[in-house]
Amino acid sequence: MTERLFDSTQSSFARDVWASASVLDSDALFAHAERHSTKPHFSMQTHMRYCDQSPLDLFERFGPHLMSIEARHSVEGGGGVARLRDDGRSLQGYVAIVPGSQSNVWLIATDMKASSEEYDRLLTPMLDRLSGRLLAGWMSTRELEESLLRLEQEAGCALAPGRVASKGYDRSSIEFLRHGSMSAVLEELRQRSLHLQSVDFKLLAADGREVLSGGVNKWYRVQYRGGASYAIRHYLLDALESRLVSHFAKVTVCHDTPNESRLTFKFDRDALMDRARHEKLVSVLSQMPRVSVCAFHMNPYLHVSVADYTDGSSVNLLSDAADRLFVIPGPRCTSGSVSRILDAIYNDFAPGMVAEEEDDKSEWAALMDTGR
Amino acid sequence: MSEKYTVDDLLTGFSTYEQQADVVCCWHSWYEGFVEQGTFDHYPKRDLPSGDRVTPDFVVEFDDGYRLVGEICRLPNQEDGFRRSVEQALRYTQVGGDADVMMLLRQPTAAECESRMIREGLLTDADQLVVVSYLRDATDVKTCWWFQRATHIRSATFRDTQLGDKSLHILMTEQMKSVPVPLRFGLGYRSRFPFMNDEPPALYTAAYLWQSVFNMVLGEDDYTERLVRGEPTDINVTVAMIKEICDANGIHLKAAWATAALDLLREARLAEKLGDGSYDVRYGKIRATPGGSHEVHQQIAERLAHSTVSSTGPEVPAGQTQIF
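Protein chains in written order, with the numbering used here: chain A, 446 to 817; chain B, 15 to 338.
It is worth saying that the hints were derived from the structure and are not from the lab.
Certain hints may be false.
Unchecked claim - Just a sample of chain B residues kept apart from chain A, beta carbon distances all over 12 Å, derived:
hint : residue
1    : S64
2    : R133
3    : P246
4    : G289
5    : G291
6    : Q312
To be verified - The following label-pair restraints were derived from C-beta to C-beta distances:
hint : chain 1 : residue 1 : chain 2 : residue 2 : range
7    : A       : S546      : B       : D212      : 20 to 28 Å
8    : B       : T30       : A       : G523      : 49 to 57 Å
9    : A       : S546      : B       : D236      : 47 to 55 Å
Unchecked claim - Just a sample of chain B residues kept apart from chain A, beta carbon distances all over 12 Å, derived:
hint : residue
10   : D36
11   : Y57
12   : E101
13   : K257
14   : A269
15   : K287
16   : Q313
Here the structure is a predicted model, which is why all the values come from computation and not from measurement.
Glycine included, C-beta positions come from ideal geometry on N, C-alpha and C.
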């Protein structure tokens, strides 16, 4: 395979980013993107990941098992650009990696078209196989809503939703809703008990001009198609970065007291009412890739042990009441794994959120009054 | 099909043990979380005056010399077995100090069993053994274990009035109450005390090792390597290594239990015993068979029950067994 063949497929955006890898940071990345966004069909996908080391180092270290990799490092910040190649299929793509404004947050960006063969065979497997290291968070419907409303508010522009993907628990289909305003979409989702998965949107100035075109999904993937990159960076990405940091703070695993300290996942509504619902939850967990489950007890309370082969985490999930689930990390357990497990539960079982722990002592006292 | 195993028997043994381990955790939470007096010994070993060493299910020791010895009994119907079980529990009154024995029996049969003990002269009015029934109840919003005296016929009671309104004598004998212990409190102990003194069924230990111990054999980079290479690798374990991991994490597990579990996994074609006594375990997500279970303990049980492989038979190659 010759270099020339690949070069002919290289986009002008990728060429510029590759050439300026040594000085690439998020400002430079978005400046390149904005400049190239006037070209037809341009879009840049940005995956936000939580990681205590540079994703580029992980790409270089583990990626060669999957594909050919060449990296150019930035002089500062630990980022750079990776050229990914699948020689057998003559596929090539460029991925820019820049540190976010919060520590441990990284932006992994590419102009490869989502669901193109390059994207599916180069970037997707890389992110998937490194998912134990490059942690992907997730947002509840409310959090995603808040992020969108904040973008609208801070930019002072109307947010016009385009394609909206949502999901219910009783069906697996993705629905596409088209509406005039974001609030109408959100209201409809609420009424139909659907969860927001992703939104493509345009920001419209008061005079009706389209000032930004982009999209965002609940797994912190942001799409930039053109327009005011300042707005998407500062009114959306910055907010998402803070949200990602606080997401992983909420699921932090305390390693001092393994098997003892716990998190409480509080369901929005009763979700673990009976054996059938317990079995459903166990089934959802067992469908997770690279995870095995063992229900030590199914009913009337639930005790499931979860092993996550992504990174060797082990967690106990316990529930004694329909509206909550306790997450008790084992001695080897990562916050990434806790996040993945709760993501599966939220996405495929029932909505809820990590809540403050209740006080045992007062409950004991109240209980003795009920002795019969 | 295996003549040695049925899925039902394997799973019944698994859940019986799980339930008993839960009851011990429940009492642990009662004394540590609520009474806040006494020292709870989850894995007691005591020497009787006769020199015999006994291992009841739990012992709570108080500063003033009072002892509460807990023993969960599954009394066999058969006469000899029934008598021996009661005699064994009665011996626990000799563990030292002022010891009361709490004999825990499942509620549906507890009262009947106590009457039989009295009728057959196995238990006198003066024996410091109190029969307590246990029942798990999920009809409330929060699931509880309920404990109460099986019958109130005998005078023997708990000598723990020094605990005031947390005394079992006052609660269970004087006030004739059922004592509720919410599972929630015991649940916190389940992860730290997955085993009790009694020997677990090998299936229980095997499932525990698979879910909570084998994961610690590999390092962080090993997992990433496995993932990017796209193939699960066997892990090599020894009984000593398992014991060490458990000890380091405060998990009470006997070497013999680990051996039994590894041998069971070998029979289930999920492990291979090597010449040096170590085992190669096909560690990873176990491939579900069509119509088969997705849960580890059930998958092991199904593989055992459907095994036609003799104990020295051929091993299944790793690639056919586990996936990611």
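Here is what the structure says about each hint:
no. : hint                        : in the structure
1   : S64                         : 37 Å, holds
2   : R133                        : 29 Å, holds
3   : P246                        : 7 Å, violated
4   : G289                        : 28 Å, holds
5   : G291                        : 25 Å, holds
6   : Q312                        : 8 Å, violated
7   : A:S546 x B:D212: 20 to 28 Å : 56 Å, violated
8   : B:T30 x A:G523: 49 to 57 Å  : 55 Å, holds
9   : A:S546 x B:D236: 47 to 55 Å : 33 Å, violated
10  : D36                         : 7 Å, violated
11  : Y57                         : 16 Å, holds
12  : E101                        : 32 Å, holds
13  : K257                        : 15 Å, holds
14  : A269                        : 20 Å, holds
15  : K287                        : 22 Å, holds
16  : Q313                        : 9 Å, violated
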